[in-house]
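*Asks:* Take a look at the letters that make up each chain.
There are 2 protein chains.
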Amino acid sequence: MTRVYNFSAGPAILPEAVLQQAREEMLDWRGSGMSVMEMSHRGKEFVSIAAEAEADLRDLLAIPENYKVLFLQGGASAQFAAVPFNLLRGKTSADYVNTGSWSKKAISEAKKHAGVNVAASGEASNFMSIPAQSEWQLDPNAAYLHYTPNETISGVEFHWVPETGDVPLVADMSSTILSRPIDVSRFGMIYAGAQKNIGPAGLTIVIVREDLLGHASPLTPSVLDYKVQADADSMSNTPPTYSWYLAGLVFKWLKEQGGLSAMAELNKRKAEKLYRAIDESSFYSNPVDPACRSWMNVPFLLADDALNKTFLAEAQEVGLTTLAGHRSVGGMRASIYNAMPEAGVDRLLAFMQEFERRNG
Amino acid sequence: MTRVYNFSAGPAILPEAVLQQAREEMLDWRGSGMSVMEMSHRGKEFVSIAAEAEADLRDLLAIPENYKVLFLQGGASAQFAAVPFNLLRGKTSADYVNTGSWSKKAISEAKKHAGVNVAASGEASNFMSIPAQSEWQLDPNAAYLHYTPNETISGVEFHWVPETGDVPLVADMSSTILSRPIDVSRFGMIYAGAQKNIGPAGLTIVIVREDLLGHASPLTPSVLDYKVQADADSMSNTPPTYSWYLAGLVFKWLKEQGGLSAMAELNKRKAEKLYRAIDESSFYSNPVDPACRSWMNVPFLLADDALNKTFLAEAQEVGLTTLAGHRSVGGMRASIYNAMPEAGVDRLLAFMQEFERRNG
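In order, the protein sequences belong to chains A and B. Mapping to the UniProt record's numbering: the first sequence position 125 is 125, numbers consecutive. Mapping to the UniProt record's numbering: the second sequence position 298 is 298, numbers consecutive.
If you are wondering where the hints come from, they were derived from the structure by calculation, not from laboratory data. Among these hints, one or two may not hold up.
No distinction is drawn between identical chains; accordingly, a pair holds when it is met within one copy or between any pair of copies.
Unchecked claim - Computed list of lysine-lysine pairs in DSBU-like fashion (alpha-carbon distance at most 35 Å, straight line):
1. Lys105 x Lys44
2. Lys105 x Lys309
3. Lys44 x Lys273
4. Lys227 x Lys104
5. Lys255 x Lys268
6. Lys105 x Lys255
7. Lys309 x Lys273
Generate coordinates for the entire structure from the input sequences, incorporating the hints supplied.
*Replies:* Printed below as a string of structure tokens:
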């Protein structure tokens with residue numbers, strides 16, 4: 001078996017050690033005679049798995065005690081609806097920052113529920129930069145401010161946290177969570193689909209400050225009602241047990257790597273060496289404002305689009321896969337989440353340089 | 001490793017052959033160098049896995065061409081909301097049949113959206129029987145009629161399909177789907193959480209007639225909008241890829257067993273031998289009307305409740321696990337879904353008889 005370096009934007013590469021442990025435990029979790037998939041979510045085995053995963057996540061992110069951690073289904077897209085269902089709290093408008101494709105989807109879903117004030121937009125730069133906060137038009141009466149700290153398609157990322165005073169800050173961290181330490185207390189609510197930096201698709205993590213619970217609007221589906229799920233330890237209905245278990249294995253792996261400070265150092269190094277090589281080349285280019293380039297998703301263009309197919313085919317041959325850019329932007333994209341080893345980035349760089357030598 | 005016979009009501013036992021294949025393919029799916037969990041849902045590998053699973057399910061259930069099959073998240077509980085969101089189609093009331101715990105949850109969620117006419121209820125019999133259709137109070141203007149063909153907690157099951165004329169019939173088949181052939185054309189919509197007869201928790205199958213699509217009410221979360229998901233082949237957002245893959249393995253396994261007619265024969269035999277032994281004993285009892293006893297969930301009581309703990313502990317010692325009844329009814333419950341081999345039922349019967357001999 002030859003494992004590839006998989007640069008998919010999500011679902012994405014997972015730590016090999018995690019997959020190996022999952023394989024070993026597949027038919028018999030620690031002498032229980034059952035796969036984790038087969039366990040009742042209310043049995044003592046799974047309850048211990050679930051609790052340990054939450055404790056490790058709380059530890060990694062230093063989540064304060066006045067925040068609930070929920071393990072839900074539906075992905076970030078379900079949260080695009082759950083956020084207004086739960087957090088409008090009788091208010092009629094919310095602030096959204098539009099930094100690209102995922103922000104737009106969140107805005108579109110929110111408009112079903114409330115007035116949306118687009119407090120800032122990167123549209124003028126074709127979403128290649130993030131407006132400074134001094135230019136934002138914040139509504140002091142907004143129910144919350146929603147933003148997308150990392151946009152996977154254009155590859156722009158906030159390297160700072162917005163200041164919103166008393167207005168709760170809500171962040172879709174799907175593609176950046178666990179890539180570095182964050183100060184959770186700055187946020188009213190954080191959510192993330194698992195399939196980039198947490199585990200397999202089908203699990204969504206919600207971290208929400210307790211005082212925001214209990215104000216869901218009447219049509220909120222009970223599975224998306226944060227209060228209902230918080231009161232039931234995320235088991236108001238059957239949770240995605242196997243994905244929860246795998247997320248727990250990833251959390252343990254992250255702790256073994258030295259936690260989020262160590263990951264931040266590694267992720268920064270991986271990203272910087274890739275951007276440096278792109279900037280120093282006249283064959284590759286990245287159009288994103290250097291102040292907000294993503295550590296997680298590195299889009300790049302070849303000097304000649306006609307070479308894209310050859311690039312992808314030859315990369316595949318040497319075990320570098322899923323490098324095509326999103327269809328809406330074209331070119332290439334290397335997603336280099338936590339589980340992408342530095343050796344994968346080095347291999348990609350070597351290939352890029354060799355490809356340029358032959359085709360530049 | 002000793003595998004147990006796991007009688008959990010869900011998440012539940014899976015076919016050992018499926019778990020073995022999942023183990024073998026965990027780090028490298030068919031030479032791709034990736035786990036299925038790591039694959040982009042838009043890549044050719046996963047698209048082929050997804051399409052094959054759908055084709056096999058269509059084949060198993062003989063699903064007519066004018067029905068869409070969706071692979072969603074959120075479990076049956078999310079569908080309790082999705083059904084009124086999608087299927088009220090401007091009407092103000094829907095019919096529900098109340099046969100127990102799961103019916104009640106569906107009714108409670110529907111009441112957020114519409115008037116609910118409880119067309120029939122098993123309450124008078126403490127949900128130990130199902131009222132004959134001749135006694136039902138159907139509303140000819142109902143948007144749909146919703147029922148629960150199998151109630152996992154009390155162990156009552158419909159062995160017939162209601163007749164609703166032009167009113168679309170909607171069924172929560174979570175705990176009975178794939179246990180026998182059904183005539184899909186009798187239904188407007190069928191849904192099922194995967195964690196009983198399909199695969200791991202976190203996947204929900206929806207089978208919906210095409211003419212019912214496209215009428216979702218304005219606040220429907222896009223991830224729960226059947227039209228949106230049907231138009232996107234269930235990929236309007238990232239689907240639960242690994243659960244979808246495992247469901248596909250289960251569908252292949254069912255075909256290898258001879259399909260749903262063979263499963264029906266086996267399931268009927270497994271259930272009947274268990275009920276017969278219970279009825280013939282003066283030590284064990286099952287209070288459910290014989291006409292609507294479930295093939296999937298067999299609750300039973302011991303003559304003396306004080307023996308319950310001993311029964312469970314001794315069963316566990318011989319590899320028979322998760323036999324405790326639901327906390328709301330007490331006693332025991334043996335869930336004997338497709339993946340429970342007849343040998344597991346035989347082992348349980350032998351244990352029950354031996355336990356009775358020592359304690360009866």
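*Asks:* With reference to the structure, classify each hint as holding or not holding.
*Replies:* Hint check:
no., hint, result
1, Lys105 x Lys44, "between (39 Å within a copy, 25 Å between copies)"
2, Lys105 x Lys309, "within (30 Å within a copy, 52 Å between copies)"
3, Lys44 x Lys273, "between (46 Å within a copy, 30 Å between copies)"
4, Lys227 x Lys104, "both (27 Å within a copy, 20 Å between copies)"
5, Lys255 x Lys268, "within (18 Å within a copy, 50 Å between copies)"
6, Lys105 x Lys255, "within (33 Å within a copy, 40 Å between copies)"
7, Lys309 x Lys273, "within (24 Å within a copy, 62 Å between copies)"
Consistency note: the structure conflicts with none of the earlier hints.
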